[in-house]
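Q: Going down the list, the protein sequences come from chains A and B.
One rule links them: number in our numbering = place in the first sequence (from 1) + 254.
One rule links them: number in our numbering = place in the second sequence (from 1) + 254.
Source of the hints: derived by calculation from the structure; they are not laboratory data.
Because the structure is a prediction, the values reported are computed rather than measured.
Hints are supplied without guarantee of correctness; some may be wrong.
Put simply, identical chains are the same to the list, so a pair is met inside one copy or across any two.
[To be verified] Calculated cross-link-like contacts (lysine to aspartate or glutamate; reagent style DMTMM-like; alpha-carbon spacing at most 20 Å):
# : residue 1 : residue 2
1 : K278      : E289
2 : K393      : D356
3 : K278      : D406
4 : K268      : E299
5 : K296      : E308
6 : K347      : E258
There are 2 protein chains.
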Amino acid sequence: MSQELQELIAQTQKSFSEDPAAAKATFTSSSHLVEGFRSSAKLREHTLTIDEPEALGGSDAGPNPVELILAALGSCQEITYRAYATALGIPLKDVRVEIEGDIDLRGFFAVDESVRAGYEAIRGTVHLVSDASSEDIAKLRQIVNAHCPVLDIMSNPVPVTLEVMHEKERSAA
Amino acid sequence: MSQELQELIAQTQKSFSEDPAAAKATFTSSSHLVEGFRSSAKLREHTLTIDEPEALGGSDAGPNPVELILAALGSCQEITYRAYATALGIPLKDVRVEIEGDIDLRGFFAVDESVRAGYEAIRGTVHLVSDASSEDIAKLRQIVNAHCPVLDIMSNPVPVTLEVMHEKERSAA
Chain A
255 MSQELQELIA QTQKSFSEDP AAAKATFTSS SHLVEGFRSS AKLREHTLTI DEPEALGGSD
315 AGPNPVELIL AALGSCQEIT YRAYATALGI PLKDVRVEIE GDIDLRGFFA VDESVRAGYE
375 AIRGTVHLVS DASSEDIAKL RQIVNAHCPV LDIMSNPVPV TLEVMHEKER SAA
Chain B
255 MSQELQELIA QTQKSFSEDP AAAKATFTSS SHLVEGFRSS AKLREHTLTI DEPEALGGSD
315 AGPNPVELIL AALGSCQEIT YRAYATALGI PLKDVRVEIE GDIDLRGFFA VDESVRAGYE
375 AIRGTVHLVS DASSEDIAKL RQIVNAHCPV LDIMSNPVPV TLEVMHEKER SAA
């Protein structure tokens, strides 16, 4: 798979370089609160169940939204390490990520308006198993952190616009 | 469930107000790249499979990390609408959210260093079914958007620190 992936990355870079419009992608999520705090989200053909733990009023049928954020960051780091190790020919046997995020729930619960609702800090440890030199790993780390989409989304503001459609009755559709 | 939830929210607000230290929570994710771009993430007792679509070099065994981000935002909006509608006594029959996010993949693929790796924009539509007045829905929307953890995480920078542990051989643990 490694050589195929290396070729795929090189080919994709060439094609996006020649035709920047081809690099524009739009991802979508369609979700619905099924019962209580339990939501079902559709992402292409994939379905996720999201819920809150019982202590936060849910039935714990799945991870909660802020846990998804941590899984997104961990897996995005892993995929980006795999992609750039392959592209640069740096050996990488194994990658796993432990992430933790601190939230002060007074933010969500509106107990103190000076407390933010989201994570105050996120810390992670990336465990790499590789024969590469420390210098190559340092180079890999630098390029991964500069190109990891979820790390960028966490670290820098994303413009979000949310429209509300209000109906009195559930429509037939 | 509605009255129970209203009491849980009021009780939680009271307890966090009296004891701010009790509001400090830490969530964790432990993930591992299993094969190719396929990752398995553990969030308490829940397990998620994350992967890339075939066009991006994966085997499409699950949603990808940036799709998780959209599902996190959609479900967090839904849960926050349910929580504050309940807390404020505003009727809410149904809530569902459609989200889309635009990414220019030249960022991830390092084709153009001026292009960010993450979402350039996220747009969503929140569909509410409710007997409430437009004024109550406007009030609800304002309080939800001010207290939705994932909306805060997307809109404002989160300090992220990532340490790298490099081993030559997989350890016995």
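Q: Please go over all the hints and tell whether each is borne out by the structure.
A: Consistency of the hints with the structure:
no. : hint        : result
1   : K278 - E289 : neither (36 Å within a copy, 27 Å between copies)
2   : K393 - D356 : neither (29 Å within a copy, 28 Å between copies)
3   : K278 - D406 : within (17 Å within a copy, 25 Å between copies)
4   : K268 - E299 : neither (29 Å within a copy, 42 Å between copies)
5   : K296 - E308 : between (24 Å within a copy, 18 Å between copies)
6   : K347 - E258 : within (17 Å within a copy, 50 Å between copies)
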